[in-house]
Amino acid sequence: FLMLQTLMHCIFSIYVSCILFAYYVICALLNNLRPPPSYFAKSSLKTSINDPYHMDFLHNDWSNVAMGILPGRKQTRYNRDLCLDLTRIIRECDVRCIATLMPLHQLQQCQC
Numbered sequence: 024f025l026m027l028q029t030l031m032h033c034i035f036s037i038y039v040s041c042i043l044f045a046y047y048v049i050c051a052l053l054n055n056l057r058p059p060p061s062y063f064a065k066s067s068l069k070t071s072i073n074d075p076y077h078m079d080f081l082h083n084d085w086s087n088v089a090m091g092i093l094p095g096r097k098q099t100r101y102n103r104d105l106c107l108d109l110t111r112i113i114r115e116c117d118v119r120c121i122a123t124l125m126p127l128h129q130l131q132q133c134q135c
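Each residue of the sequence shown is one higher than the one before, starting from 24 at the first, in this note's numbering.
It is worth saying that the hints were derived from the structure and are not from the lab.
Fair warning: there could be bad hints in the mix.
Ranges between beta-carbon positions, derived for each pair [unchecked claim]: (1) ALA45 / LEU127: 21 to 27 Å; (2) THR29 / LYS97: 46 to 52 Å; (3) TYR38 / LYS97: 47 to 53 Å; (4) ASP79 / PHE44: 48 to 54 Å.
Being a predicted model, the structure only gives us computed values, none of them experimental.
Each residue gets a CB set at the ideal place from its N, CA and C atoms; glycine is no exception.
All chains, please: the whole structure from these sequences, using the hints.
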């Protein structure tokens, strides 16, 4: 019985590994299918000048929480300037603390 249980654990581990590998391959293929940034016309690129940074606020009694796109993003249809975006956030929106929920590898992909 113990040998059968160990065999089942091995088969399950191999099954999960195969599914994770397939997921990784599919994600890698889909990421490579995105058009390069030069695909978009220069006039259609959203920059910090022609499309000023916008934040949506959730107002309540104890604090103001805001969300927005990634400042300084330079991927696909965005060609934003990080300094201009942060200046707008700090000065015009009166934000005192900025936090990101994106992991480091995604920030690097967005060229921030």
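So, going through the hints one by one against the coordinates:
1. ALA45 / LEU127: 21 to 27 Å: holds, 25 Å
2. THR29 / LYS97: 46 to 52 Å: Since the Cβ atoms of THR29 and LYS97 sit about 51 Å apart, the hinted range of 46 to 52 Å holds.
3. TYR38 / LYS97: 47 to 53 Å: violated, 40 Å
4. ASP79 / PHE44: 48 to 54 Å: violated, 38 Å
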